[in-house]
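Colleague: Below are the chains, spelled out letter by letter.
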Amino acid sequence: MNSKYLKSLDEGFSYQTLKLEASRCLLCHDAPCSKECPAGTDPAKFIRSVRFDNLKGAAETIRENNPLGAICARVCPTEKYCQKGCLRSGIDKPIDIGNIQRYVTDFEQKTNMKILKKGVENNKRIAIVGSGPSGLSLAALLLRDGYKVDMYEKESKLGGYLRCGIPAYRLSNEVLDYEIQRIIDLGLNYHTNTTIGKDITMYELKTYFDVVVIAVGYSKGKILEMFKDNPYVETAVDYLKRIKENDGNVLVDDNVLVIGGGDVSMDICTSLKILGSTNVTAVVYEELFEFKASKKELEDARKHDVTIIDGYVPTSVHNNTVNFKHRRLPYDLTMTADKIILAVGQTYDVENLDLKIDKNEAITKTNYQIDDSNVFVIGDISINKEKTVVGSVKSAKEALYYIKQYLGGK
Amino acid sequence: MVNKDLSIEFLNVKFENPFCLSSSPVGNCYEMCKKAYEVGFAGVVFKTIGPESYYIDEVSPRFDKLDKECTDFIGFKNMEQIAEHPLQENLNDLKRLKAEFPNKVLIASIMGNDEKTWEELAKLVEEAGADMIEMNLSCPQMTSHAMGSDVGTNPELCKKYCQAVKRGSKLPMMAKMTPNITNMNVVAKACLDGGADGISAINTIKSICNLDIDKFVGLPIIDGKSSISGYSGKAIKPVALRFIQQMKSDPELKDVEISGIGGIETWIDAVEFILLGSSTLQMTTSVMQYGYRIVEDLKNGLMHYMEDKHVDKLKDLVGLANKNIIPAENLNRDYIVYPHIDEDKCIGCGRCYISCFDGAHQAMQFDKKTRKPHCDEDKCVGCLLCSLVCPVLAISKGKIKVKDNRKCEIKNLII
Chain A
29 MNSKYLKSLD EGFSYQTLKL EASRCLLCHD APCSKECPAG TDPAKFIRSV
79 RFDNLKGAAE TIRENNPLGA ICARVCPTEK YCQKGCLRSG IDKPIDIGNI
129 QRYVTDFEQK TNMKILKKGV ENNKRIAIVG SGPSGLSLAA LLLRDGYKVD
179 MYEKESKLGG YLRCGIPAYR LSNEVLDYEI QRIIDLGLNY HTNTTIGKDI
229 TMYELKTYFD VVVIAVGYSK GKILEMFKDN PYVETAVDYL KRIKENDGNV
279 LVDDNVLVIG GGDVSMDICT SLKILGSTNV TAVVYEELFE FKASKKELED
329 ARKHDVTIID GYVPTSVHNN TVNFKHRRLP YDLTMTADKI ILAVGQTYDV
379 ENLDLKIDKN EAITKTNYQI DDSNVFVIGD ISINKEKTVV GSVKSAKEAL
429 YYIKQYLGGK
Chain B
678 MVNKDLSIEF LNVKFENPFC LSSSPVGNCY EMCKKAYEVG FAGVVFKTIG
728 PESYYIDEVS PRFDKLDKEC TDFIGFKNME QIAEHPLQEN LNDLKRLKAE
778 FPNKVLIASI MGNDEKTWEE LAKLVEEAGA DMIEMNLSCP QMTSHAMGSD
828 VGTNPELCKK YCQAVKRGSK LPMMAKMTPN ITNMNVVAKA CLDGGADGIS
878 AINTIKSICN LDIDKFVGLP IIDGKSSISG YSGKAIKPVA LRFIQQMKSD
928 PELKDVEISG IGGIETWIDA VEFILLGSST LQMTTSVMQY GYRIVEDLKN
978 GLMHYMEDKH VDKLKDLVGL ANKNIIPAEN LNRDYIVYPH IDEDKCIGCG
1028 RCYISCFDGA HQAMQFDKKT RKPHCDEDKC VGCLLCSLVC PVLAISKGKI
1078 KVKDNRKCEI KNLII
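One line per chain: the protein sequences are A and B, in this order. In terms of the numbering used here, the first sequence opens at residue 29 and continues consecutively. In terms of the numbering used here, the second sequence opens at residue 678 and continues consecutively.
Same shape as in the complex, but just chain B (with noise of 0.2 Å):
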């Protein structure tokens, strides 16, 4: 069995791998972390904890999914706000953690309503044996808008938290962002100002979900009526890495720790993750869908990728990919990639053809005979949507040309 070293520093704290428990329902109490320890994540981000004046009072049924055709789950909608549970029982249930688990890293993820209520939070969580904190400063379902995603997007409120967290505690902390905010790097950088040492990214995106046509109301339904809420899962992958991309990308951001969070499941979304820059991961919607299980193929997916890669420490994986994401105005533009069609594997489906003609650019032809495509290249611009949607991956790609008087060495291409 394949055996990698997946341990990993982040903010001067070592994780004996990357995988955490994101804030949230999967750690709400000592015997779920303690499972989730147990079965192999590095990390819990302890649900977030708040002042002892808040109470919460939660709304039932609060989720809701969003399915396609035979997949469900592809996003998932949650309402729950922070740990329900009372100050002193978190605080206990963290210092029971910390006892038990030593070498695991336990964070603390707190959210004050004010300056004072932030800086007291930290030093309470310090004070039970936390490893490090996060500032939820993005949840979007909190019923005071002195709290949650609201101050997310208020880069000096942010910064004036963050000093609060940090007169309270010397623990490393990191700022967790929310994503309904169309530049992040402002509100990433007013937190590092304010003394942030590190950045999670990205909390859930505001949403409607799915309506009941019937009864005309967002679902869940609560008493007929529904609010918008943090979405989540695979679908929000691609806007995590997006903002991990952009922040990495920002020079004055570019040496920030991250650890990224938004619909991680396989241990290629995890790749993907680090190889945009984070360090470390968290997770939740894959938890509350299949179990803290899934950290195992996490780990073992990840220890064989090393092993395919020759890499010995995850750190060196982490940001391979910034440097291949460039503005698009800088892309080059030079050739065209035509599809090549593997006539053995295609099995005349003519999905191809369907798509080239509705959505593209009218170059597939379809023998109604044989039920074999073939691409017109005068007409094809080499966009390979037919690659995309062919059941049998018979498409892949082919000849190269290089569009007329363009200076491009054809072998040099990477594509």
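Chain A with its partners taken away, still in its complex shape (with noise of 0.2 Å):
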């Protein structure tokens, strides 16, 4: 166990905190934060239940908006969506929305509020392939509205990235937990380390099930051609899930290279230099003024110390020494670490599941359904564009509706 990294980065709010960054709001009418989430979450309206010493409905707001909202109100990049179009940046800055719906989803726990409700049962049956977000997302709504759900995880715990790539300072395995509990008290039927194509298939699946929705997202970390089978090289994705399996517990390069500047780089960037890594450097190929990372990500490296170079696009390689090219200018940029990690992109793995795939996404149609069949997609592979935690929300709440017209309820 490593405390340091388990321990949250951000403080969050404590109720005289909460209570007056509630009261810097400006209580707008028509208000644009609540028209920026994905997710449709309503923070004008529980915001003003914070500024009303109303906390409990402050929770039900978020809490029947989305099934998953004490996580999102951690990862999510704000600065984004809500808090972009917060117009208290007129004065100074905006609200700070999602460490309030943090204090908010954090008292709905501790005073063990149960605002999801399972619905009066119809006998469909509903099989969910995979465990992140958005199957989690997908899972609570149809047991909200009474319909039987299966979930099929191939690793032995539920939540998919949230479990294996989210370091813990951005989200706990407790809140995670949590979270997950919430949605099996609902009644859903859960199966870990099965496989479909091994333990079980996908005609068995498709067969026994009124509906079976692949939400199996981008779980693998891209290898690019140069890197291929090189040891000094492992995956971003790969390394997180060792680091957040053992509770930080791992031990870590001195000297690493990391390749990639987006969100997943920024994680594995802090998380390296919050276990001991002395020098770890980033080399980007967008520049800094096209950043991919979400802010709160890149101050959180920056803060760390992590080194970041911009706009380079590695050329060769050989052993551990990378050389790199810049875009615009003649630069070059020579680089030997102990450990050189890849952070740029990942891809999915749908062995088995019968599905086709075009530039990285299910050919569905907009409806998220695979031609006339009982087979849905959702999360990172579906049509949506959103790939982010809030975006596989979305994309649950948009899939619900065409699967609840194709089983013929409303």
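Think of the hints as simulated: they come from the structure by calculation, not from any bench. Source: prediction; values computed, not measured. Any given hint might turn out to be false.
Result set (EDC-like, lysine to aspartate or glutamate): computed pairs, CA atoms no more than 20 Å apart in a straight line [stated by the list, open to error]:
| id | chain 1 | residue 1 | chain 2 | residue 2 |
| --- | --- | --- | --- | --- |
| 1 | A | 84 | B | 746 |
| 2 | A | 47 | B | 777 |
| 3 | B | 1045 | A | 88 |
| 4 | A | 73 | B | 746 |
| 5 | A | 425 | A | 124 |
Just some of the chain A residues that point at chain B, by a computed CB distance under 10 Å [as the list claims (entries may be wrong)]:
| id | residue |
| --- | --- |
| 6 | 47 |
| 7 | 56 |
| 8 | 315 |
| 9 | 387 |
We put the CB at the ideal spot given by N, CA and C, even for glycine.
With the hints in hand, could you dock these two chains into one complex?
Modeller: Structure representation (structure tokens):
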């Protein structure tokens, strides 16, 4: 166990600072914050509840809209969504909506509120393959509407990327477990250590269930051709998983080169610094003005003294030495490291799922359905464009409508 | 640094500035009053001294406060009674304070339970060296009904007790008014008839500040129960100003000298009390929350105000606003002031729209695309609620319209 790694980087609010933050909110008419959330969260409403001392009402507003409210509160890049529209910026800075949501969902947990209720059973059976954010969200929504849901997960625990990818200092297993337990309490039937094609086939699922939903996500790190079979190279996704599974109890290399500049890159960079690497250098394709990582993640990496070199693309590698050239300028760069980590994007693993994929997306109709079959696709590989947790929730909510329509429900 | 003479005469006693502690927990002993003098208060109304026979036995806890959102102490509730120290100890403190601070003003607050004790106490505090007496006719938390604010609502009793005090002492004397009454002027006049030289106003307002909604009891909780007691602080400033104005606008009371009390925290509060006719000012709640040091900004702020207004003598400010508070029926109702919206300042929150629709006359329109408000002057009545709710002060007084068939010279209006 590494206590530094397990400790939340952001302290969050106390009741006093929560009230202060809520009192900064302008309580706008037709509030812009409430129009920006892909999952349809209504921050204007729950912040108003906090302002008027109604934490229980605030918790209901969050939870009834989003089964992963406590997780989104912690991991959502709010500056790209709700906080982007915050008019308080016209006075000083936007309201810290994520941390208000975090306080409220913590309150919900502490007071053991049971906001989501199991619906009246309708005997329609649905299988969900994958237990990441999109699968979990959909499961909660379906159970609330009375469907029977079976979830299949190849790992030993539910959670998908939430479990294996997001570092503990951003999302602890305690929070995740509690969030999942809520959904299990609604009657979720789940099967861990179960791989489709090995333990059960797609054909069996399609035959036995009324609907099968593929929610597998981008679970694998991409490997650039030149780095294949290089013993110094590991993907950020694998490394993050190893760290999280071991509660941070991992020996890290002293001098690490990370290639890539998205949130996953920032996560591995910050994790390595927390775990004791002396030098962590991220070499990033994008230049700073076009950076992909969220502000918060970039800030965290910088606070931990991660070196960031922007605008370079790798040209060749020999063992642990990588050559880069700048995308616009006549600069060359050569780096030698103890370890090379690739954070250059993720890809899917849809083996045995009978899916046709084009440009990283399963081919579906706009309604998330594969042709006219009883198979639906949600999450990262669906038509949904937001490759974030909140995007997964969005895809689940949208797909719910079509699944119910397909099953003849309302 | 600004330096103005803040001195003022009140009941023929010279105060180096108008700021005094009011009779309360903040002036409960020698050490406290000493510190207050040293920090800059000109006067102290020592915590009310009662008759020897009256035993003070306090509850615990004894205070509560009213908050709104993130502002605490908007109002304050106090259950403490008069000074709990033995009579002789209080008199000794008065003696010592007068000896050590001869140029500061020492006011003894007293409260008897019959004519005899009022007279005796007046005599004793004069002997102890007090410069002035304040009669506490108005404390709402006394456990005896022969004492406290019930007395202060009875003009005959007040007059009788004033006469008794005047028999006991020749010191200048002010009677402290209770606000728990509809017409304070009746009591004030009775006190002046009885020999009072001035009036101090107001004492605290009877209150229940908050409830514990789980235990079904008011706060503070004393063994499962609570009581009505005095409410003070910023929240009562408007009530205090109203009573003071009403006295000053009464022909029989217009020349009475007043020591103003009620929620004074800043120099602006102080100026307001002065402009409505107060010569000296007393404060407790702000001191309980922030300490005696508040007097530094009260004094300095008041000096700057005098400088800005080109006023050299504080007394020239006293009562300047009284003539401009008039009966509502005499106000000029011939015109409407429309809001002026500064579009550069406006951040588009729409609060003006909400308040105008839900609380006024549905005149403010809101463009959903541009997020800018626009006032429909056909509907606007000029109430200017919008300007009060705007969080960025983007709405000010704008165009003036004279109502149909009225005569009104816009250029002569003071708005």
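Colleague: Need the status of pair residue 84 of chain A, residue 746 of chain B: alpha-carbon distance at most 20 Å?
Modeller: holds, 17 Å
Colleague: Does the closest beta carbon of chain B sit nearer than 10 Å to the beta carbon of residue 315 of chain A?
Modeller: Since chain B brings no Cβ nearer than about 32 Å to residue 315 of chain A, farther than 10 Å, the hint is violated.
Colleague: Assess, step by step, whether the Cα of residue 425 of chain A is no farther than 20 Å from the Cα of residue 124 of chain A, and give holds or violated.
Modeller: Given that 20 Å is the threshold and the Cα spacing comes to 25 Å, the pair is violated.
Colleague: Return the status of the interface hint for residue 47 of chain A: holds when the least beta-carbon distance to chain B is below 10 Å, violated otherwise.
Modeller: Holds, about 6 Å.
Colleague: Can the restraint linking residue 47 of chain A and residue 777 of chain B be considered satisfied, given a maximum Cα separation of 20 Å?
Modeller: Measuring from Cα to Cα gives roughly 47 Å; hence the hint is violated.
Colleague: Check whether the Cα positions of residue 1045 of chain B and residue 88 of chain A lie no farther apart than 20 Å.
Modeller: violated, 28 Å
Colleague: Restraint: residue 56 of chain A near chain B, CB-CB cut 10 Å. Satisfied or not?
Modeller: Because about 4 Å separates residue 56 of chain A from the closest Cβ in chain B, which is inside the 10 Å limit, the hint holds.
Colleague: Given a cut of 10 Å on the nearest C-beta pair, is the interface hint for residue 387 of chain A held or broken against chain B?
Modeller: Violated: closest Cβ of chain B sits about 35 Å from residue 387 of chain A, beyond 10 Å.
Colleague: If you draw a straight line from the CA of residue 73 of chain A to the CA of residue 746 of chain B, is it 20 Å or shorter?
Modeller: Holds, because 16 Å separates the two Cα atoms, which is no more than 20 Å.
Violated hints for the displayed structure, listed by number in ascending order: 2, 3, 5, 8, 9.
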